[in-house]
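Asker: Sequence:
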Amino acid sequence: MDLTEVCFAGAARQAELLRSGELTSRELVAECLRRIHRHDREVNAFRAVFDTAALAEADAADARRAAGGDAALLGVPIAVKEEFAIAGVPTTKGTDAVDTPAARDSEVVARLRAAGAVIVGSTRMPELGLWPYTESSWAGVTRNPWSHDHSPGGSSGGSAAAVAAGFVGGAIASDGAGSIRIPAACTGLYGLKPQRGRVSLAPEDQVWTGLVAAGPITRHVRDWALIADQISDSNGPAHPPRSSFTAAAAADPGRLRIAVSLRPWGPGIPLTQEVRDVVLDTASLLGDLGHDVVRMDPEFNDVAGSTAFAARYLHCAAISRAGVEHPSRLDHRTRQVAALGRRLPAGLVRKVIDQGERLTTHANRIFTGCDLLLTPALTRPPLRIGEWSRWSTIRALLAASRMTTFLPLWNITGNPAAAVPAGHTRDGLPLAVQLVGRPHDECTVLSVSGQLERARPWADRRPPAFA
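Mapped onto full-length UniProt numbering, the consecutive letters of the sequence shown carry residue numbers 1 to 467.
There may be inaccurate statements among the hints.
[Said to hold, decoys possible] FRET-style restraints, in silico, Cβ to Cβ:
#, residue 1, residue 2, range
1, D277, L348, 23 to 33 Å
2, D292, D70, 21 to 31 Å
3, D233, S20, 29 to 39 Å
4, D205, R365, 23 to 33 Å
5, R19, H332, 46 to 56 Å
6, A66, I269, 48 to 58 Å
7, S284, G369, 15 to 25 Å
8, A87, R329, 20 to 30 Å
9, R365, S284, 19 to 29 Å
10, L348, A202, 28 to 38 Å
11, D277, R329, 23 to 33 Å
12, D277, D2, 31 to 41 Å
13, D292, I269, 25 to 35 Å
By construction, these hints were calculated from the structure, which means they are not laboratory data.
All C-beta atoms in this analysis are idealised placements derived from N, C-alpha and C, irrespective of residue type, glycine included.
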């Protein structure tokens with residue numbers, strides 16, 4: 001058996017191979033660790049790699065299976081973004097400003113372990129998750145496996161890079177303003193931000209004033225569904241899905257009405273032609289698959305809504321800075337963003353948070369006339385490493401808001417929204433579209449995503465240096 005092929009097979013196929021006895025968890029985890037130590041010095045996807053613990057967990061998984069035991073992810077290697085608590089490891093959130101180890105696992109990690117997953121390491125993110133790239137002065141840059149001159153995005157850039165390079169079959173990420181969808185789009189992977197509250201963030205609560213959702217980044221739609229089925233909180237605030245996510249990913253969605261919009265959330269924001277082309281090409285494919293595809297460009301309170309989000313984002317940066325042990329260790333730019341947030345009047349912050357409910361009602365009116373919304377994921381291809389490093393903080397913030405304009409609205413509303421691979425640039429960099437579903441309806445997003453993947457498989461194409 002070619003272990004490189006297995007490493008790129010994705011979490012669901014790895015689980016099948018382990019269950020059938022075609023390989024052991026020890027063999028798979030050891031190969032993943034070998035790949036990490038061979039390639040990650042350049043990619044820089046991992047903050048920490050748990051070699052000894054991971055191999056011990058793999059041996060325990062093999063022993064459990066030999067004794068007749070089983071679990072959905074038994075023996076499957078998974079990586080976890082460094083903002084999720086792992087017992088005995090500092091919860092660093094992309095910084096060098098936290099020293100105290102976590103006393104216990106976060107709920108996400110606990111659920112992964114209960115499902116039998118092997119936690120191989122924690123993945124890098126930009127400081128406090130503030131940027132759509134993964135770089136810092138002290139940790140260096142995390143590179144895109146498709147091009148080491150480009151970023152894998154952020155803030156879950158390390159999670160995406162680890163999956164794209166074939167280091168793990170899936171990785172846990174989070175999304176407060178696009179941080180699952182941005183890196184998935186930049187690395188040719190599938191990243192669905194689930195409904196707010198679908199996955200517990202415990203021991204934290206209301207992260208970023210309720211903007212953040214947690215979920216996997218994976219190679220295939222069915223990988224996402226398998227992992228998400230294990231980490232979802234059936235007692236959380238999200239409405240129960242109509243089926244398991246695994247069943248939804250394989251289901252025929254039937255004929256749906258799908259709206260297509262190229263209208264950015266704010267005035268004067270350009271789209272590159274390559275981005276425009278992949279959205280329209282995906283719309284054409286959806287029509288060929290039998291869906292009723294219509295052009296809609298709804299107005300989502302563009303200026304007021306995006307301005308309110310900017311204030312909320314800055315406020316969240318200030319909260320995050322206050323939560324680290326050693327704020328003076330943060331990068332100068334991180335401290336500047338937090339300082340902008342601290343200057344916001346408390347009354348203004350309450351007002352913009354309160355606006356979220358009205359904006360949610362307004363935005364979801366589009367689903368009275370359609371089942372899904374198709375938009376660009378990003379307005380441009382992936383960033384070059386250091387592209388904004390010489391810019392002022394304000395200029396970089398404005399550029400980030402333009403690049404990600406189609407994403408943060410759905411963090412405010414809480415709707416499920418996915419980045420779906422949709423091709424490559426002329427230079428071979430990944431491009432993606434976004435599919436947004438009705439509130440609590442990940443199942444329709446998964447069914448259509450799976451249909452798109454079956455029609456135009458994307459995972460067979462791999463970053464050349466790692467294949």
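Asker: Give a verdict on every hint.
Answerer: Tested hints:
Between D277 and L348 the Cβ separation comes to about 40 Å, which falls outside the hinted range of 23 to 33 Å. Taking the beta carbon of each, D292 and D70 are about 42 Å apart, not inside 21 to 31 Å as hinted. Checked against the hint of 29 to 39 Å, the pair D233 and S20 passes, with Cβ atoms roughly 30 Å apart. The given range of 23 to 33 Å is respected by D205 and R365, whose C-beta atoms sit roughly 30 Å from each other.
Distance hint for R19 and H332: a CB-CB separation of about 50 Å, consistent with the stated range 46 to 56 Å. Separation of A66 from I269 is about 57 Å and conforms to the stated range, judged on CB atoms against 48 to 58 Å. The beta-carbon spacing between S284 and G369, approximately 20 Å, falls within the hinted interval of 15 to 25 Å. Between A87 and R329 the beta carbons are some 23 Å apart, a value that agrees with the proposed interval 20 to 30 Å.
Taking the beta carbon of each, R365 and S284 are about 26 Å apart, inside 19 to 29 Å as hinted. Distance hint for L348 and A202: a CB-CB separation of about 30 Å, consistent with the stated range 28 to 38 Å. Checking the proposed 23 to 33 Å range against D277 and R329 shows it is violated: the Cβ atoms sit about 44 Å from each other. Hint check: D277 to D2, Cβ distance near 35 Å, so the stated range 31 to 41 Å holds.
At about 28 Å, the beta-carbon gap between D292 and I269 stays in the expected band of 25 to 35 Å.
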